[in-house]
Amino acid sequence: MHIVVTVKQVMDPIIPPSHMAVDASRKQVVSASGAPAVMNGYDANGLEEALRLKQVHGGKVTAITLGNESARNTLKRAVAMGADTAALLCDPQWQTLDSFGIATVLAAGIRKIGKVDLVLCGRQASDSDGGQVLYWLAQLLDLPVVSPIIKIEESGADALVVHQLMDEECQRLRVELPALLGISSEINEPRLPSPKGAVIATRTMIPVWNASTLNVGQVAGKVTIKALDIQVRTGQAEIIEGADGAARGRALADKLHQLGLL
Amino acid sequence: MTGILVIGEMAGNAVTKQTLETVAAALQLSVELKQPVSGALFGAGDLAGAAAQFNCGFSTLLLVESERLEQYSAQQSVTAALAVIAKLQPSVLLLPHSARTRDWAPQLAAKLGSGLVLDCVNVVVGEDGLAAVKPMYGGGVWGQHVVHGEPAIITVRAGVFDCAKPDAGASIERLEVPNLAPNPRIEHLETIVNEGTDGQQLKDAKTIISGGRGTGGQENWHLIEEAAAATGGAIGCSRAIVDMGWLRWNHQVGLSGTIVAPELYIAVGISGAVQHLAGISNAKTVVAINNDPDAEIFKRADYGVIGDFKEVLPAFIEHVKGYAK
Ligand SMILES: Cc1cc2nc3c(=O)[nH]c(=O)nc-3n(C[C@H](O)[C@H](O)[C@H](O)COP(=O)(O)OP(=O)(O)OC[C@H]3O[C@@H](n4cnc5c(N)ncnc54)[C@H](O)[C@@H]3O)c2cc1C
Ligand SMILES: Nc1ncnc2c1ncn2[C@@H]1O[C@H](COP(=O)(O)O)[C@@H](O)[C@H]1O
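Going down the list, the protein sequences come from chains A and B. Those letters in the first sequence? Residues 1 to 262, by my numbering. Those letters in the second sequence? Residues 1 to 325, by my numbering.
Some hints here could point you the wrong way.
What the hints assert, rightly or not - So the derived list for chain A, only partly shown, Cβ under 10 Å to chain B, looks like this:
id	residue
1	Q55
2	L165
3	T224
4	L259
Stated by the list, open to error - Capping the alpha-carbon separation at 25 Å, the derived lysine to aspartate or glutamate pairs in DMTMM-like fashion look like this:
id	chain 1	residue 1	chain 2	residue 2
5	B	K17	B	E225
6	A	K226	B	E150
7	A	K151	B	E187
8	A	K255	B	D167
9	B	K284	B	D302
10	B	K299	A	D158
11	A	K54	A	E153
12	B	K299	A	D254
13	A	K112	A	D158
14	B	K17	A	D91
15	B	K203	B	E150
16	A	K226	B	E32
17	B	K206	B	E263
18	B	K111	A	D84
19	B	K206	B	E318
20	B	K310	A	E238
As the list claims (entries may be wrong) - Partner residues aside, some chain A positions facing chain B, computed with beta carbon under 7 Å:
id	residue
21	V116
22	D117
23	D229
Source of the hints: derived by calculation from the structure; they are not laboratory data. Using N, Cα and C, we set each Cβ at its ideal position, and we do this for glycine too.
Bound conformation, chain B alone (with noise of 0.2 Å):
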């Protein structure tokens, strides 16, 4: 077996920005290993689109079209990447790490009895062959986890490497996939569809204010809201906001959140945990707002400012507005 196939993911019409990012992780391993990469697209309608920003440096690039593909289920996610592999017999699969492939991904491995390795950020080739760089521990321990067998399967964190460009240079084919149907034991009700999402998803927002447990009680989060709105910014939280029913999962920053990439996240009244961190490695400029001197979340912050966010922030929010006029 020999290559690398990355198979994208998309988002409408379009593949995601983390499916570039594990294309560069795939041309960086390329050529280490000294072996191509190929690309392949699972899909309902035409790819044709997704696949002409997708093609970046493939020597194949492979597309599994299909109206079936229109609701995700992880079988059907199996049943199409076996099909490639088969076809392409690859000694490496990258996938961007995401809730889908987090899912079908071990199910992938389980059948072909490969090595797995979920949420990494490097990928390297030592004297024992394959090392996946994987943290662990919340984050607070990055692993060096040596992959047996082909294709060794390995999902790349978001953030982590900058986009690859499209170059054209693969032909594109299709690949006609028997048999795609969901496993038979379970059945598809409906997709529930977030309510309460403000529009700006955290994953693509410029500016993040973020608020923690130290924010007290739901009497004062609307402090978070107004400086959220002063700066045009998103809103997102710790765990422990989420745990408290004040907010849904969907506002929650950090390993079993959301990993965003703002240029400025404000962090308000969080005490910094690996879990919550592993969320923000990517955040360009962090400003911390936490009265208590010792938290972590300042080893982490470009900016701290020590005290009591509800004497903090109001001054800050009214002095912001004071910009915008």
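Next comes chain A alone, as it looks inside the complex (with noise of 0.2 Å):
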């Protein structure tokens, strides 16, 4: 079984929006105390999930990352994990796509990859928190698609049994394949990488695919981000007073009694 994963580079998402910062266009989000970018949480399921598959049916995993130069870290992070291969689609004018360009170069990727099994991406990316990208994809790549996963039974080599997480309740579906999930985090907890496995990263090649190595040409887009704005909380609490904590437990009560809220 050949899965590939796709994994973003995302700000971490720990950061409130006090250490945020949009630059002058207000078009880019940047973390205002320079703390290192990592790997998309979903996608790190996503990782996590195949490497479990393949150790029940064997084969091969390969995780792709659309990003620049320094989304090589993220792709290291992968293999360190225990992808097999990596590699970073990366070309100046694939700075600003949108969910629809994204998914474009990623399908070159992948067909570029050749015969793949299952394709992985996480159910969103927590920077552009878009949950699109995968679709596209699996339109592009003609692939039966569903998401958000939180658990995938042991089955056959031609098809999945997922369980596809909705509002109230879960669908279990069997999916043939080749097919694309999206990964959530109720399936497992990714490990972190060996020690081992960051030798291996080191020693890993990570090859870079331009434009013209993957034959995309320009990609019209079909949404364009016009402004972004930083939500700064500046509220404070009324905070309850007391001698200690049961005294405030009790100021909260009557609190929220003479409110009508109890």
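With the hints as a guide, bring the two chains together.
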């Protein structure tokens, strides 16, 4: 089984808005403290699941990223976690792609890889919160798509049984391979890179594929970001006072009772 | 192409509250765009009752009724939506953002090649055309997304707009859609309904007591349960609790959990990460109990108690029980 995992490098999601900044064009968000970027959390779940499936079915796991040269760090981490190969899709003309554009490039990258049985994406990226690259990708590769997935059951080589998370329930579905799945965090706990993996990662050659390698022309986007605005919170709660915790607990109950909330 | 189309969603035989909120968003946009609003509903059985609730300022209301729609499948929703769009030729399609629409709307966009923005809090008309305002970075950044191509497809976040009021304005038409079939490559095996829901769904709860990682260990969780019982509230939690496997995902409040709108939300041992706050932006009164005076949650909360919840909650619970007597 050859599994491709799409991994995006994103700003660390623990950074609060008060530590974010936008550039003058209001089109890019940066971390004001220069905190290092990380692998998108759901993509780490996708990679973990791919490694687990490989253990069961054998085969190979390839990680791909569309990003700038610094996104190589995320691919190195993917290799250190256990991905067999990786490729960085990088070209100056891809810097401002929308979801459809990103999917177009990722699709070209996956076609170059060759025969692929399963593509695992994250259910969404924690910077865009977009939740759509995976669906465009599925359309471009003509794969059945299901997301968000919280469980993959063991099954045969030509299909997977998956649990799709809905609002109140889960759908248990049998999906024919090849397929594309959007992975959610409930599915697993991603492993940390092992020391041995870290050594392998430094030795692994990660190729860069650009627009001419992939033969991708200009992509017309479907959505353009006009402005980004940071939502800084300035509010401050009214603090309930009291001699000790218990007194504050009682004072809180009194307050909420006065407000008619209890 | 002209007109705004809203495709509603149902819970049982009724349209969802969020559907009516989405209609309100459409009516607001219709004033700006000077285009009429039409509606469509899909479902199994007779939709007349739901249609009456949904009929709010529409020029046209289309129903797709088919027993095949009993079981959700993305492909069937896409097929039905394509038929409605072919008939009405809208310039904009608005949908309530839900587990279903976040799954089928992108597949519809991919079929049509349309611009799509999911989980938006507003839709405005600017010089560049239609712009959807979408929370990004967990909610820490709002992005104005100009959508190209028609129909522009936008899903609307729960709890942002007030519900539209029905006026029975439009006459109701039924649309036959042939070829309603799920994707042959995806077979539905079963629907697993939640075990462990305490009957009171978070979405509609008036009071929610939510616990986070600061509750320390499962051995303390009974305090959250007792506080919920004393206040008649539902139990919520942060993602940290679900990640640790203490509670199932249907209790999670936030961006990737449920968006709630209670009268009272009490956050216990929750730091106030943006992704959590994204779920409570419509809570009326927020209370935070946290031992760190600098916790972000105090910037969102209306009332704060600084302290160890193990000391605060037992006294709170006893006192609340006193009121009940
Ligand atoms: C894409 C994405 C989606 C996400 N979606 C969600 C989501 O839907 N919902 C969600 O909640 N999170 C979500 N998260 C996770 C989020 O970023 C935070 O990691 C999470 O909300 C933290 O949970 P917490 O507040 O319980 O834990 P922590 O951040 O660890 O906070 C614990 C708090 O407890 C306090 N505390 C400790 N001891 C005590 C004590 N004895 N008494 C009182 N207070 C105490 C601490 O001061 C601290 O403030 C998401 C993250 C990503 C990247
Ligand atoms: N630049 C990228 N490189 C690799 N994968 C990506 C990229 N952008 C999006 N993806 C994948 O698509 C998923 C959904 O992204 P989004 O639609 O932006 O929320 C992510 O979780 C990734 O798996």
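| query | Given the proposed pairing of K54/A with E153/A, does the C-alpha separation stay at or below 25 Å? | reply | Holds - the C-alpha atoms of E153/A and K54/A are around 13 Å apart, at most 25 Å.
| Measuring from the C-beta of D117/A to each C-beta in chain B, is the shortest one below 7 Å? | violated, 13 Å
| field | Interface hint status, Q55/A versus chain B (Cβ within 10 Å) | value | violated, 22 Å
| Given hint E263/B paired with K206/B - CA-CA distance at most 25 Å | holds, 5 Å
| task | Decide if the proposed pair is consistent with the structure: K17/B and D91/A, CA atoms, cutoff 25 Å inclusive. | result | violated, 45 Å
| query | Given the hint that K206/B pairs with E318/B, does the C-alpha gap stay at or below 25 Å? | reply | holds, 21 Å
| field | Restraint check for K203/B with E150/B, where alpha carbons must lie at most 25 Å apart | value | violated, 33 Å
| said: Please verify whether K284/B and D302/B have alpha carbons no more than 25 Å apart. | reply: holds, 9 Å
| Taking 25 Å as the top limit, are the C-alpha atoms of K226/A and E32/B close enough? | holds, 19 Å
| said: Please verify whether K310/B and E238/A have alpha carbons no more than 25 Å apart. | reply: holds, 21 Å
| CA of K255/A to CA of D167/B, is that 25 Å or under? | violated, 41 Å
| message | Does the closest beta carbon of chain B sit nearer than 10 Å to the beta carbon of L165/A? | response | This hint holds: L165/A lies near chain B, its Cβ roughly 7 Å from the closest one there, short of 10 Å.
Checked against the numbered hints given earlier, the structure breaks hints 1, 5, 8, 10, 14, 15, 18, 21 and 22 and satisfies all the rest.
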